[in-house]
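With the hints as constraints, model all of the structure from the sequences given.
Residue numbers (the working numbering), protein chains in the order written: chain W, 127 to 450; chain A, 592 to 920; chain D, 345 to 636.
For the record, the hints were derived by calculation from the structure and aren't laboratory data.
Capping the alpha-carbon separation at 27 Å, the derived lysine-lysine pairs in DSSO-like fashion look like this:
| no. | chain 1 | residue 1 | chain 2 | residue 2 |
| --- | --- | --- | --- | --- |
| 1 | W | K203 | W | K134 |
| 2 | A | K729 | W | K392 |
| 3 | W | K409 | A | K795 |
| 4 | D | K368 | A | K662 |
| 5 | A | K859 | W | K385 |
| 6 | W | K203 | D | K545 |
Residues per chain, in single letters:
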Amino acid sequence: MPDIIEIKNLKKYFNTRRGTVHAVDDVSFKIVAGSTMGLVGESGCGKSTLGRTLVHLYESTSGQILFQEKDVTRLNKNQTKALREEMQMIFQDPFSSLNPRMTVKATVQEPLLLSGKYKKEELDEATFHVMEQVGLEKRFQHSFPHELDGGRRQRVGIARALAVNPKFIVCDEPVSALDVSIQAQILNLLMDLQEKQDLTYLFVTHNLSVVRHISDYICVMYLGQLVETCPTKELFNNPMHPYSGALLSAVPSTNIHQKRARIILKGEISSPINPKPGCRFAKRCLYADDRCRGSKIELDEITPGHFVACCKAREIRENGTGAV
Amino acid sequence: MDNTEKATEVLAVRDLVVEYSSDGMPVHAVNGVSFDLAAGKTLGLVGETGAGKTTIAKTIMRILPDHAVRKVEGQVLFKGEDIRAISEVVMRKVRGKQISMIFQDPMTALNPVKTVSEQIAESIRLHQGGNKKQAHAKAVEVLEMVGISADRADEYPHQFSGGMKQRVVIAIAIACNPEVLIADEPTTALDVTIQAQVLELIDKIRRELNTALILITHDLGIVAEICDTVAVVYAGQIVETGSKEDIFDRPTHPYTRGLFAALPDMYKDVDRLSPIDGMPPDPTDLPKGCSFNPRCWYAADECKKDAISMTQVGTGHFCRCCRVDRIEV
Amino acid sequence: MQKRRVERIDKSKRPGSLPYIWKKISKNPGAMAGLILLCLFIVMSFVSPYFMKSYSEVDMRDRFATPSWEHPFGCDEIGRDIMSRVFYGARYTLSIGVGAVFLAATVGIFLGAIAGYSGGIVDSVLMRLMDILQSIPGLVSSIAVVTALGPGLINCIIAIGISYMPQFARLIRANILGIRGSEFIEAATIINCSTGRIIFKHLIPNSISPIIVQISLMIAQAGLTASTLSFLGLGVKEPMPEWGSMIAGARNYIRDFPHMVIIPGIFIMLTVLSLNLLGDAIRDALDPKLKD
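This is the structure:
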């Protein structure tokens with residue numbers, strides 16, 4: 127299967143008064159067309175920044191972004207415009223991601239209008255068609271965001287992203303702000319749409335249960351760096367990076383009869399400003415030693431398709447210690 | 592309820608009803624809530640947004656916004672005495688000292704212009720007296736109990752991270768050894784690894800101080816971790832209550848079962864999630880009869896008429912469903 | 345399916361919309377009184393020439409006449425009927441008030457929005473210009489502009505408008521800075537909105553509430569400034585019956601014939617009061633924090 131997205135050594139730094147924030151630091155991965163890549167990590171790991179850099183909301187500092195094998199790292203205005211009809215984004219907060227003064231119809235219609243591909247008479251019909259695809263009844267066309275509940279608002283956001291028929295969508299925590307009962311509706315919707323329209327998703331989230339359900343591959347990020355990437359089931363059955371292990375064990379389980387060993391991490395996440403060389407997780411890692419604080423840790427393919435950025439991953443695996 | 596339970600019961604809420612007024616419309620936030628809490632035990636109040644959980648907590652603490660509240664009925668019995676009936680002056684001695692609350696957002700719960708030890712000392716001086724030095728020393732003690740070293744006692748909130756701020760909020764809440772602690776979504780704003788730390792801390796404190804804890808959350812995973820008893824809240828009512836084992840192993844109410852079915856599980860593979868149909872109810876316009884009936888796949892005519900009362904389905908396990916015996920568990 | 349009130353959207357329940365504002369204002373007795381009074385003044389201003397004596401008709405026999413049945417507000421120093429003059433004169437105060445504020449708001453919003461969205465050097469330059477304008481007291485700068493351009497209605501509007509511009513520019517800039525980073529603006533960028541469209545369709549409509557309040561409060565102020573300018577002889581000139589210039593003309597007779605000063609003064613006061621009451625009510629209607 128072809129890769130729809132490939133990023134190579136992508137970096138995104140922000141210059142602030144206190145120093146340079148290494149939000150995304152040398153990340154590389156590929157996303158197969160038609161699949162969902164889950165991007166997990168906690169706050170400050172750079173996953174949202176990565177998503178926004180991919181869709182050119184931010185300009186990358188260095189590295190390469192390839193879309194359908196074409197280099198799209200640096201684009202001029204017209205090229206960006208064209209790319210945005212292939213790559214779209216769904217945002218996290220269903221309230222702040224919609225213009226409070228625009229009706230549902232206006233919000234969903236705007237991308238259609240701006241694409242210039244529809245005649246005036248065709249716009250309304252095209253709009254209703256998209257609304258139907260996301261399960262928004264026509265009677266909501268004149269509603270404003272504050273008149274709708276979270277689930278419907280998020281459907282509006284999805285409709286807006288879908289309107290121009292993109293091939294790739296970055297979903298930035300699309301269900302994190304929703305109640306559990308509505309979350310499931312939206313997740314099912316996203317999966318149905320993926321199947322019907324052959325979409326590829328980059329699903330950014332901190333919720334491991336959700337990412338387990340929806341993604342085919344997972345990338346785990348910590349402080350701007352990619353620490354582990356592998357097929358989804360692999361990560362849950364066999365996490366190899368100490369951080370992944372701790373992350374998985376930290377999620378409270380609804381299984382009350384299975385007591386799992388909890389790995390409680392010590393300390394706090396360090397600052398992404400001018401970070402020191404070496405493994406950024408070393409400060410909190412149970413297995414860290416001097417080797418970890420030297421130079422940058424590269425991704426190592428421990429088992430086929432399973433990459434880990436830990437210089438001690440093989441040792442830990444052999445000794446049988448690990449996460450869960 | 593047998594007598595031995597009543598003896599250790601430190602908090603009992605009876606038929607609580609709270610109605611707000613918003614834009615002229617009545618908002619039925621809480622519609623007849625009753626529960627008990629024994630010393631040293633944890634009760635999980637589970638529900639989604641708008642279910643009324645925070646309103647219940649604020650009613651117990653008597654910190655509801657007076658101008659918006661239309662009606663409050665029912666009793667809140669703290670060690671046998673109805674604290675809804677006492678004067679505000681007397682209540683002030685209870686609030687923060689005997690019943691304390693941890694709020695959801697640590698970013699806004701702390702005063703940015705006071706050091707953390709000052710904020711804890713303030714509570715101590717208010718309830719236990721003593722001079723500044725004594726209060727400061729006690730504050731440092733409490734900070735160490737929550738895992739913040741003494742040398743950070745005189746720093747300001749903005750110098751702490753989210754998880755540390757929440758620890759300070761917890762410190763303020765437990766400074767006077769309260770008998771009841773209400774934690775309103777204490778870890779929602781935190782990362783999952785920090786969440787684990789903070790939950791562990793709350794549980795440890797509960798055990799050390801033998802505090803009764805009400806944990807308000809929408810996360811069933813958290814409930815499974817540290818709660819002893821659970822009450823599921825929907826549309827301002829408790830629709831199911833029981834021990835943790837009752838709720839997790841034998842969920843009875845269709846809403847509870849719907850919640851479990853809608854949850855993606857980290858360790859199981861499911862093709863499609865089973866969401867609950869429809870939307871959460873509008874508290875200004877609740878359905879007639881059972882509030883859940885428009886979304887319930889077992890609903891029948893009898894569900895749409897009168898208010899539904901609790902049915903016992905096991906020892907200490909109650910369910911607010913009139914068709915409970917006809918549902919296959 | 346649960347019945348939802350979305351079926352027939354009750355527009356008056358929608359905060360920020362016109363029906364909503366109207367509903368709130370109609371409950372405020374002061375604002376309604378002000379509104380009625382203003383409407384009365386506007387109507388009388390247009391209608392009075394048709395059934396009253398002309399405002400410029402001189403009749404020396406009626407010089408200094410005190411209020412009577414024939415001349416309910418009396419006459420001025422050359423026998424002109426004060427009632428027809430004050431009614432006709434309403435148009436000046438109100439039109440300058442509205443015109444000046446409209447000019448200030450339009451230009452101010454345009455410049456402030458560009459400054460707020462662009463940031464950087466564009467922002468700095470525009471804001472320094474506003475600083476310069478604001479550092480001169482409003483009345484003084486109005487006087488300066490009118491002196492340069494000459495007296496008259498339009499010049500009055502321009503002069504006052506320029507002096508009020510910085511306030512609007514700052515207000516909208518502050519609001520735009522606040523929402524510039526919102527997700528819906530990111531979303532607008534991603535669906536290929538041009539910068540202009542983002543500013544005019546997304547940013548400005550969401551920053552407009554405080555501007556509307558400011559507008560309603562400043563019309564009163566502008567009207568007052570107009571009267572002041574005319575009083576100083578710099579605004580609307582004789583024989584136009586602008587209230588300020590009427591007071592100026594009657595200055596020397598204040599001791600013997602106070603009605604010539606008091607009547608126009610009362611009208612200025614009533615107009616400013618009405619505009620203020622209305623402005624306060626609009627502000628309260630648009631302030632989400634005051635909701636119940």
